[in-house]
Amino acid sequence: MLTTVVGHYPKIPNRPRPARLRLAIARYERGEISAQELARVQDEVTIEVIQEQVEAGVDVITDGQIRWEDDQTYIARRLTGFAIDGLVRYLDTNTYFRQPVVVGEVRWQGPILVDDYRFAVQHSSRPVKAVITGPYTLALLSKDQHYGHRARLVTALAQALAQEAKALEEAGAPIIQLSEPMILWHPEDWDLFAQAVATVVEGLKCETALYTWFGSVEALYPRLLTLPVTTIGIDLISKPINWQVIGQYPFPADKKLAAGIVDGRNTRMETVEELVAAIRHLARICPPQRLYLNPSCGLEYLPREVAQAKLRRLVEGAKAAQQALEVG
Amino acid sequence: MALTTSAVGSYPKPDYLVQARNAYSRGKMTRQELWELEKKATALWIRLQEEVGLDVLVHGEMERGDMVAYFAELMPQSMKIGGLVRSYGNRYYHKPIIVDKLRWPGPMTVEMWQYAQSLTSRPVKGMLTGPYTMVEWSFDEYYPSRREAVMDMARVLREEVKALVEAGCRYIQIDEPAIHTRPEEDFDLAVEAFQLVVKDIDAIFHTHICYGEVEKIYPHMLRLPVRQIHLALKNTNFEYLKLLQQHPWDPEKELGAGVVDVHVRRVEEPEEVAQGIRQVLKYVPPERVWVLPDCGLKTRTIEEAQAKLKAMVDGVRLVKRELGLL
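Heads up: the protein sequence lines correspond to chains C and L, in order.
Using the numbering used here, the letters of the first sequence correspond one by one to residues 1 to 328.
Using the numbering used here, the letters of the second sequence correspond one by one to residues 1001 to 1326.
Check before you lean on any hint, since a few could be wrong.
[To be verified] Derived SDA-like pairs: lysine to any residue, alpha-carbon spacing no greater than 25 Å straight-line:
1. C:Lys239 to L:Glu1141
2. L:Lys1080 to C:Asp92
3. L:Lys1101 to C:Glu270
4. C:Lys239 to L:Pro1123
5. C:Lys166 to C:Arg78
6. C:Lys166 to C:Thr226
7. L:Lys1298 to C:Ala277
8. L:Lys1298 to L:Asn1090
9. L:Lys1282 to L:Arg1227
10. L:Lys1080 to C:Glu305
11. C:Lys239 to L:Phe1187
12. L:Lys1320 to L:Lys1216
13. C:Lys239 to L:Lys1216
14. L:Lys1216 to C:Pro16
15. C:Lys143 to L:His1263
16. L:Lys1162 to L:Glu1213
17. L:Lys1320 to L:Arg1047
18. C:Lys239 to L:Pro1144
19. C:Lys239 to C:Glu202
20. L:Lys1282 to L:Gln1245
21. C:Lys255 to C:Ala194
22. L:Lys1282 to L:Asp1055
23. C:Lys239 to L:Arg1182
24. C:Lys239 to L:Glu1148
25. L:Lys1199 to L:Glu1166
26. L:Lys1216 to C:Val88
27. L:Lys1101 to L:Val1191
28. C:Lys143 to L:Lys1162
29. C:Lys143 to L:Glu1213
30. C:Lys256 to C:Arg150
31. L:Lys1216 to L:Phe1187
32. C:Lys205 to C:Tyr96
33. L:Lys1216 to C:Thr226
34. L:Lys1216 to C:Val101
35. C:Lys143 to L:Glu1166
36. L:Lys1216 to C:Arg89
Hints were generated in silico from the structure; no laboratory data involved.
Please model the complete structure; the sequences and the hints are all you need to start from.
As structure tokens, this is what we get:
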């Protein structure tokens, strides 16, 4: 039973700690500091948030995506064929991202996340998971002005991101995660989606994960379990019905389940008892050695201190559950 | 009256007030000193709006920062202000937290409304944030479901509405910019909560739906129990009027037409404003159209805001003349 995170981590702390990254970005935008100076602050903040995750006791961390403005543009800006447009709401959150617009052929033109991965590994005593926004989600959250056909865009993105995945594997990433929340709202696109996921992970030997969040998996289950990835990530907080859905089918012996059991969007702190009960329930669906426990989504929807407290609580809950399960 | 002019809510704060708010937050100014400056700035905006010639005024929200946090801070038994959360880019806000049962703490907006109204013979709108938005833009550590939180918030706001009406307020605008966050799931709840706020209260209710995503909730939004719904039309180049082509505007409701863009510095020409209004009049007759900026003008400078209001009023005059209303 391992604890992990889903993706992003809050970029700035609250008083009395200084909001260094916010200040650095503001100064960069005013032309007061150089891109290199901004990058140095981003590196330092990345180290801080890696340490916060490690201190909390999380087994498998991410780099916190401190350099990312959002899940879409960080990738899109570094592929060919994208322009970046105005703000749109991210799913049902009160956060916004600049919408990528596909204006030409989408191609991979070199590693996007590899340097970030290497930097994180150097500064982490725990394994670091590489996180890529999946081709289907990236396509659906972009505006297509070039391909004119969803399948063609998704396929082009899958081919581009497959090269990124390969580059990350070569750099030593032990786990590569694809983030694909959007498929939950479009079960009719299953075949296209499954093909795209297969394209990205084809030939990879490292562990792979497919994470979803915010939506119900009802319409996709148990098909979701047939994807050629090691781990399936499911948010059990936003849609409690997901508990029932995953309980209805045997969990395949060759897969791992990543369960989002700590609310990444609300400050209310889960109790250790609640978490132990949830983990006991999960252990009946999937053996503990094949379980990942994580927040329901990335942690940027929370203030930084609450995010870390939630991770601490997750680890506490996992430890208590481990003991409880051993006792029987 | 045809083509009534008004504004959406917020205006830019004068520098002295921005500095005073900072000083107050650092504990270097008393609440009373800040209040005097908030009144001074409010008086400025009442005068500027009268000079420009708006028909129905707003007080300008000189005493408010964030439209949710303002109320949260006035309900310390029920809510507290949480840490910073990013909304996009490099923008962060302090997201409030519901920590206990939501209870009305006594009037939250009445004193400032009374002050603003005392300065003018024109009506000044009362300004509230709607129950769905108040809850959606807060964390909730108390209620087991969003529904319970939203309905209790509606009870709080109903008390505030009653207090405003008792003080003599006739026009009350209740903003619900979060209403299209998850419309399939929550729209009925948002309408039910709104109903609870306004039911059987003798006042004229308006609501402002912030720019973007109107297509997600039209025509359902016409179920909101208000006299007027305000749409930001200019920023999207009057695209939303296509929705009115597909499904006509409710004949019982007024359309508050946003005809100047609050997100650009450029000041519209009166003729440009008039063109916008003419487009609106293809769908809704002039006696049911109010003319306003797209949104609150607080992100503009005082001079820009004033110039935009002036262009708006001049544009309305052009159209009124054409219609033989002047």
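| query | Which hint numbers doesn't this structure obey? | reply | 4, 7, 12, 14, 16, 19, 28, 30, 32, 33, 35
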